[in-house]
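Novice: Sequence:
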Amino acid sequence: MPTSKQQKIKLLILYDLLTRHTDEDNPLSTQGIVDLLQSKHGVTVGSRALIEDIRLLNKYGYEVNSYKRKSHYFYVVDRPFELSELKVLIDAVQTASFIPEEKTKIFVDKIADLAGKHRSELLKKNIICYDTNKRSNKYVFYSVDTLISAIEGKKKASFLYYDLDISKNKVYRKSGNRYIVNPLSLLYTNDKYYLVCYSDKLLKLCNYRIDRMEQVEIEKSRVTPAPQYDNFNIHTYKQQAFSMFGGDLKSVRLKVDNTCIDAILDRFGENTPLKQIDNNTFSTTVKVQVSPTFFGWCLNSRGKIRISSPRDVEFAMDAYVKSVVGNADNNAVV
Numbered sequence: 228m229p230t231s232k233q234q235k236i237k238l239l240i241l242y243d244l245l246t247r248h249t250d251e252d253n254p255l256s257t258q259g260i261v262d263l264l265q266s267k268h269g270v271t272v273g274s275r276a277l278i279e280d281i282r283l284l285n286k287y288g289y290e291v292n293s294y295k296r297k298s299h300y301f302y303v304v305d306r307p308f309e310l311s312e313l314k315v316l317i318d319a320v321q322t323a324s325f326i327p328e329e330k331t332k333i334f335v336d337k338i339a340d341l342a343g344k345h346r347s348e349l350l351k352k353n354i355i356c357y358d359t360n361k362r363s364n365k366y367v368f369y370s371v372d373t374l375i376s377a378i379e380g381k382k383k384a385s386f387l388y389y390d391l392d393i394s395k396n397k398v399y400r401k402s403g404n405r406y407i408v409n410p411l412s413l414l415y416t417n418d419k420y421y422l423v424c425y426s427d428k429l430l431k432l433c434n435y436r437i438d439r440m441e442q443v444e445i446e447k448s449r450v451t452p453a454p455q456y457d458n459f460n461i462h463t464y465k466q467q468a469f470s471m472f473g474g475d476l477k478s479v480r481l482k483v484d485n486t487c488i489d490a491i492l493d494r495f496g497e498n499t500p501l502k503q504i505d506n507n508t509f510s511t512t513v514k515v516q517v518s519p520t521f522f523g524w525c526l527n528s529r530g531k532i533r534i535s536s537p538r539d540v541e542f543a544m545d546a547y548v549k550s551v552v553g554n555a556d557n558n559a560v561v
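Positions in the sequence shown are counted from 1; adding 227 to them yields our numbering.
None of these hints come from the bench; they were simulated from the model.
A few of these clues could be false.
[Said to hold, decoys possible] When the alpha-carbon atoms are kept at most 20 Å apart in a straight line, the in silico SDA-like pairs for lysine to any residue are as follows:
| no. | residue 1 | residue 2 |
| --- | --- | --- |
| 1 | K428 | P454 |
| 2 | K477 | R494 |
| 3 | K237 | Q265 |
| 4 | K383 | Y456 |
| 5 | K330 | V320 |
| 6 | K365 | L414 |
| 7 | K332 | K361 |
| 8 | K549 | S536 |
| 9 | K383 | E444 |
| 10 | K447 | Y425 |
[Claimed, not checked] Distance ranges between label pairs, derived from CB positions:
| no. | residue 1 | residue 2 | range |
| --- | --- | --- | --- |
| 11 | V548 | K477 | 15 to 21 Å |
| 12 | L413 | L238 | 33 to 39 Å |
| 13 | A319 | P537 | 37 to 43 Å |
| 14 | D252 | R282 | 21 to 27 Å |
| 15 | R538 | Y366 | 45 to 51 Å |
| 16 | Y369 | I407 | 17 to 23 Å |
| 17 | I461 | D262 | 49 to 55 Å |
| 18 | P500 | Y369 | 24 to 30 Å |
| 19 | V398 | I504 | 47 to 53 Å |
Idealized CB from N, CA, C, for every residue including glycine.
Go ahead and model the full structure; you've got the sequences and the hints to work with.
Specialist: The following block contains the structure:
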């Protein structure tokens, strides 16, 4: 590498090398850094010049710690992520089912490398193999990238959408014709990744699993203006949508056993108002999309979460329970 080019890029290479190869338990001596710069990057630098370069890095906020024994030793401590944070990120990638198996390993390696060479090896040694059923769609990240660009550019997006049959073959919906939608946001919930969008044809919000999409493209046409979604809040929508099963949005009053406080706050957020009824129960009013999923969630509490109002939602809940009991009776073995 010519000397002029070395000088222009030397500090970048030096800091990258220190970040990758050092930490407080694994410092490098002056000579060790000189040798690595030469062997790995073809950069030639003298010991005195190296020390001046490190002083310059420190002057401009790129912190490199040092101490002196027989030689100067240098190491980098300040990193974008703590070791515990990287561990959490690795676990999240491993347990996310929408990330294909081959992509999972690449991601884990990239995240671990942020800890530096030595701690990267420590992270990889302590990886837990989770029993996660990974999806097979290898185009997920291409789809995510395209959808993000469509949202930022306020353009329509189109894609093919499929289900799997008994033989695990793809069966494309709409006879293989493309869906064309107005994308609003991406949402990760219940171990699945969704596109939230609105449909010109259905005139309502729709949700599509990204791991079931193929051939995602940005359309030339801009999104259809929809004033009702100008202030769309994905966090509120997630609370209301109940695991992506739609229904009419209503305010529902619930009578709840005190043992279910955590369940209510986990589902609707810690700012949900709670009103004590007696020593054992409280009430709360929440906005939900009334659906079988909502009714099933209430039933899972074994009577500890009951619908108090409105009446039509109470009646719908009673009808749902009767249908469940009826199906159970019809399927019973005599």
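Novice: Determine for every hint whether it applies to the structure shown.
Specialist: Evaluation of the provided hints:
1. K428 with P454: Holds: K428 and P454 sit about 16 Å apart, inside 20 Å.
2. K477 with R494: 16 Å, holds
3. K237 with Q265: 11 Å, holds
4. K383 with Y456: The hint holds at about 15 Å.
5. K330 with V320: Satisfied, since the Cα-Cα distance of roughly 9 Å is no more than 20 Å.
6. K365 with L414: Answer holds: K365 to L414 is near 19 Å, not above 20 Å.
7. K332 with K361: Measuring from Cα to Cα gives roughly 12 Å; hence the hint holds.
8. K549 with S536: 19 Å, holds
9. K383 with E444: Roughly 9 Å between the alpha carbons, so the hint for K383 and E444 holds.
10. K447 with Y425: Between K447 and Y425 the Cα gap is close to 17 Å, so the pair holds against 20 Å.
11. V548 with K477: 15 to 21 Å: 18 Å, holds
12. L413 with L238: 33 to 39 Å: The hinted range 33 to 39 Å holds for L413 and L238, with Cβ atoms some 38 Å apart.
13. A319 with P537: 37 to 43 Å: 39 Å, holds
14. D252 with R282: 21 to 27 Å: 23 Å, holds
15. R538 with Y366: 45 to 51 Å: 48 Å, holds
16. Y369 with I407: 17 to 23 Å: At roughly 18 Å between Cβ atoms, I407 and Y369 fall inside 17 to 23 Å, so the hint holds.
17. I461 with D262: 49 to 55 Å: 51 Å Cβ-Cβ, so the 49 to 55 Å window holds.
18. P500 with Y369: 24 to 30 Å: 43 Å, violated
19. V398 with I504: 47 to 53 Å: With a Cβ separation near 50 Å, V398 and I504 satisfy 47 to 53 Å, so the hint holds.
Violated hint: 18 only; the structure is consistent with all others.
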